[in-house]
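Colleague: Here is what each chain is made of, one letter per residue.
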Amino acid sequence: MAKILVVDDDAQIRGLLVKMLSVEQHEVIEAENGTQGCKKYREQRPDLLITDLVMPEKNGIDMILELKKEFPAIRIVAISGGGGITGSFDYLPIAKLVGALHILQKPFSLQELKSAVAEALKMPETH
Amino acid sequence: MAELPAQPLAKDLRILVVDDDPFVLQEIALHLMGAGYLVQTAESAAQALEKMDTFHPKIVLTDWVMDGMDGLELCQVLRQRKNGQLLYIILLTSHDAEDSLVKAFESGTDDYIPKPVSPRILLARVQAGARLVRLQIEVEQARREQAERERMAQQIQRAHKMQAIGKLTGGIAHNFNNYLAAILGYTELAREMFPGVGDGQLDEFLENIQQAGIEARDLVVSLRSFSTGDSDSRKVPLVGVMLDDIVRMLKPVMAASILLKTDFEENVPLALVNQDQMYQMVMSLCINAREAIDGNGEIYLNLQYLRDVRASCASCHEWLSDDFVELSVSDSGRGIDAETVQRVFDPFFSNKEVGQGTGLGLSVVHGIMHGCGGHILVDSDIGKGSSFRLLFPVNPVAIDNAETHPAGAE
Numbered sequence: 001m002a003k004i005l006v007v008d009d010d011a012q013i014r015g016l017l018v019k020m021l022s023v024e025q026h027e028v029i030e031a032e033n034g035t036q037g038c039k040k041y042r043e044q045r046p047d048l049l050i051t052d053l054v055m056p057e058k059n060g061i062d063m064i065l066e067l068k069k070e071f072p073a074i075r076i077v078a079i080s081g082g083g084g085i086t087g088s089f090d091y092l093p094i095a096k097l098v099g100a101l102h103i104l105q106k107p108f109s110l111q112e113l114k115s116a117v118a119e120a121l122k123m124p125e126t127h
Numbered sequence: 001m002a003e004l005p006a007q008p009l010a011k012d013l014r015i016l017v018v019d020d021d022p023f024v025l026q027e028i029a030l031h032l033m034g035a036g037y038l039v040q041t042a043e044s045a046a047q048a049l050e051k052m053d054t055f056h057p058k059i060v061l062t063d064w065v066m067d068g069m070d071g072l073e074l075c076q077v078l079r080q081r082k083n084g085q086l087l088y089i090i091l092l093t094s095h096d097a098e099d100s101l102v103k104a105f106e107s108g109t110d111d112y113i114p115k116p117v118s119p120r121i122l123l124a125r126v127q128a129g130a131r132l133v134r135l136q137i138e139v140e141q142a143r144r145e146q147a148e149r150e151r152m153a154q155q156i157q158r159a160h161k162m163q164a165i166g167k168l169t170g171g172i173a174h175n176f177n178n179y180l181a182a183i184l185g186y187t188e189l190a191r192e193m194f195p196g197v198g199d200g201q202l203d204e205f206l207e208n209i210q211q212a213g214i215e216a217r218d219l220v221v222s223l224r225s226f227s228t229g230d231s232d233s234r235k236v237p238l239v240g241v242m243l244d245d246i247v248r249m250l251k252p253v254m255a256a257s258i259l260l261k262t263d264f265e266e267n268v269p270l271a272l273v274n275q276d277q278m279y280q281m282v283m284s285l286c287i288n289a290r291e292a293i294d295g296n297g298e299i300y301l302n303l304q305y306l307r308d309v310r311a312s313c314a315s316c317h318e319w320l321s322d323d324f325v326e327l328s329v330s331d332s333g334r335g336i337d338a339e340t341v342q343r344v345f346d347p348f349f350s351n352k353e354v355g356q357g358t359g360l361g362l363s364v365v366h367g368i369m370h371g372c373g374g375h376i377l378v379d380s381d382i383g384k385g386s387s388f389r390l391l392f393p394v395n396p397v398a399i400d401n402a403e404t405h406p407a408g409a410e
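Here the protein sequences come in this chain order: A and B.
Be aware that the first sequence starts at 1, since it is given in the numbering used here, and climbs by one per residue.
Be aware that the second sequence starts at 1, since it is given in the numbering used here, and climbs by one per residue.
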């Protein structure tokens, strides 16, 4: 049981993540973009942040960089469809480089999400 | 550079002289050689025709009256040969009556020299012919240069097309993965949360949706390989042992009637590849080869070091001039015509019937090869077979994972 913040601009995916995580008895908070994500993280201090990378307003990488500065021990799982909207640039390896504990390629299975979340939550708060 | 009129021209111009009188033949040959022309002689029309293929003259001087085939007949035969219209033919003749001369020109001669031959007339007329021949060569050269320029422009255009398709597929892949995440995720949730609804029928339907979704996901993975070449992957040295493994895994996929023959050179220089990608590429190429030989015959896999490759990449069209480690997959199948080779790397190009393949095989090979800095060559002859040659860049030093991932930093 953990408090998890889910950030994705796609309501369908957000809903899916909420449902999947609720099945696992987690408490889930939602945000639509990086700006909202940063705000909710500061307010609610969840145990884990699950975020999409390609989003309007503020993208996932910028949000990770910003939060990582404030909360060096933040636990992050990054998910992405891979490839940018306008090209073939891949953000997932970059998310890993800037501090995501796990990266998940869309589409992911329930099992993949479960184990990524479980492993991320196992990480000590100061790593 | 100022042009010198006669000399340099004469030197590279080949003249074949045909006469059944050895004395006349030698005299003419000597005069022409004295003026700097390259000369060969023939004592009959038959001999002349043999020398055409070895000597490749630009000008033919032939006697009219000869045993066997005469000069006019020779003229007609020469005109009908490949490039025969480009020859400059001069007839040596003592028939200078109007009718005879008209007949000679109608047979295809360009000029005539009256017999007995005056050396000054001979050289003057040959020089006039040489002038025309030189103009013709210039025209031909200009035409070839123009064709070459057009070919280059086409190549650049095709390279741009491949790039554009790559960008497009990257964007499509991103959006599709989002849709698929929703389709597959909700389906999985539904199966997990509501098992046994409708006597298990609902679960069966959902399973079908899931299966289709998984196939769509695999298709997108292939598309992405085309657009990115997948740079985030561990690399291993390309060596025969690894290829042996891949071939072992491939064997069950190939029919028993197909023999996979391998020849992997040992100690090739270090080239780094991703093993999964190698498997995917070798499998795509072998499946294509299997189609090309109609499921029956031999497929050759060859690993070797190639020095100083000079060729244009078959898919990105870049001009290459470098050393490569080459893995080729060859078959003795039906072959691909040059025009089709230009299209085989396009995504969704397929000559299989609809439903038999995704048509992504070679576009994935294109993506992977260019993602690792490599290139592809294709040799193909209709009816003789094809060879797809993957060129991997040689790595001077293996400096791969040493400093790129600051594990545990912070």
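Simulated from the structure, these hints should not be mistaken for lab results.
All figures in this text were calculated on a predicted structure; none of them were measured in a lab.
Please note that a few of the clues may not be correct.
Listed below are several chain B residues computed to face chain A (Cβ distance under 8 Å; list not exhaustive) [said to hold, decoys possible]:
| hint | residue |
| --- | --- |
| 1 | His174 |
| 2 | Asn175 |
| 3 | Asn177 |
| 4 | Leu180 |
| 5 | Leu184 |
| 6 | Thr187 |
| 7 | Glu188 |
| 8 | Gly196 |
| 9 | Asp199 |
| 10 | Arg217 |
| 11 | Leu219 |
Distance ranges between label pairs, derived from CB positions [unchecked claim]:
| hint | chain 1 | residue 1 | chain 2 | residue 2 | range |
| --- | --- | --- | --- | --- | --- |
| 12 | B | Phe194 | A | Gln25 | 14 to 20 Å |
| 13 | B | Ala212 | A | Gln25 | 29 to 35 Å |
| 14 | B | Asp245 | A | Glu70 | 45 to 51 Å |
| 15 | B | Lys235 | A | Lys58 | 47 to 53 Å |
Under 8 Å between C-beta atoms, here's a sample of chain A residues computed to sit facing chain B [claimed, not checked]:
| hint | residue |
| --- | --- |
| 16 | Gln12 |
| 17 | Ile13 |
| 18 | Leu16 |
| 19 | Lys19 |
| 20 | Met20 |
| 21 | Glu24 |
| 22 | Lys58 |
| 23 | Asn59 |
| 24 | Gly81 |
| 25 | Leu101 |
| 26 | Phe108 |
| 27 | Ala118 |
C-beta: ideal position from N, C-alpha, C; glycine also.
Colleague: Compare the structure with each hint and give your call.
Modeller: Verification of the supplied hints:
1. His174: 4 Å, holds
2. Asn175: Holds. Min distance 7 Å.
3. Asn177: This interface hint holds because 3 Å falls under the 8 Å limit.
4. Leu180: 4 Å, holds
5. Leu184: 4 Å, holds
6. Thr187: 10 Å, violated
7. Glu188: 5 Å, holds
8. Gly196: Hint violated; B/Gly196 Cβ to chain A Cβ min 17 Å, cut 8 Å.
9. Asp199: 24 Å, violated
10. Arg217: Where the cut-off is 8 Å and the nearest Cβ of chain A is about 6 Å from B/Arg217, the hint holds.
11. Leu219: This hint is violated: B/Leu219 lies away from chain A, its Cβ roughly 12 Å from the closest one there, beyond 8 Å.
12. B/Phe194 x A/Gln25: 14 to 20 Å: 18 Å, holds
13. B/Ala212 x A/Gln25: 29 to 35 Å: 31 Å, holds
14. B/Asp245 x A/Glu70: 45 to 51 Å: 48 Å, holds
15. B/Lys235 x A/Lys58: 47 to 53 Å: Once the Cβ atoms are compared, 34 Å apart, the range 47 to 53 Å for A/Lys58 and B/Lys235 is violated.
16. Gln12: 4 Å, holds
17. Ile13: 6 Å, holds
18. Leu16: Holds: closest Cβ of chain B sits about 4 Å from A/Leu16, inside 8 Å.
19. Lys19: For A/Lys19, the interface hint holds, since the closest Cβ of chain B sits about 6 Å away, which is under 8 Å.
20. Met20: 6 Å, holds
21. Glu24: For A/Glu24, the interface hint is violated, since the closest Cβ of chain B sits about 11 Å away, which is over 8 Å.
22. Lys58: At 18 Å from the nearest chain B Cβ, A/Lys58 fails the 8 Å test, so the hint is violated.
23. Asn59: 13 Å, violated
24. Gly81: Holds: closest Cβ of chain B sits about 3 Å from A/Gly81, inside 8 Å.
25. Leu101: Violated: closest Cβ of chain B sits about 12 Å from A/Leu101, beyond 8 Å.
26. Phe108: 7 Å, holds
27. Ala118: 17 Å, violated
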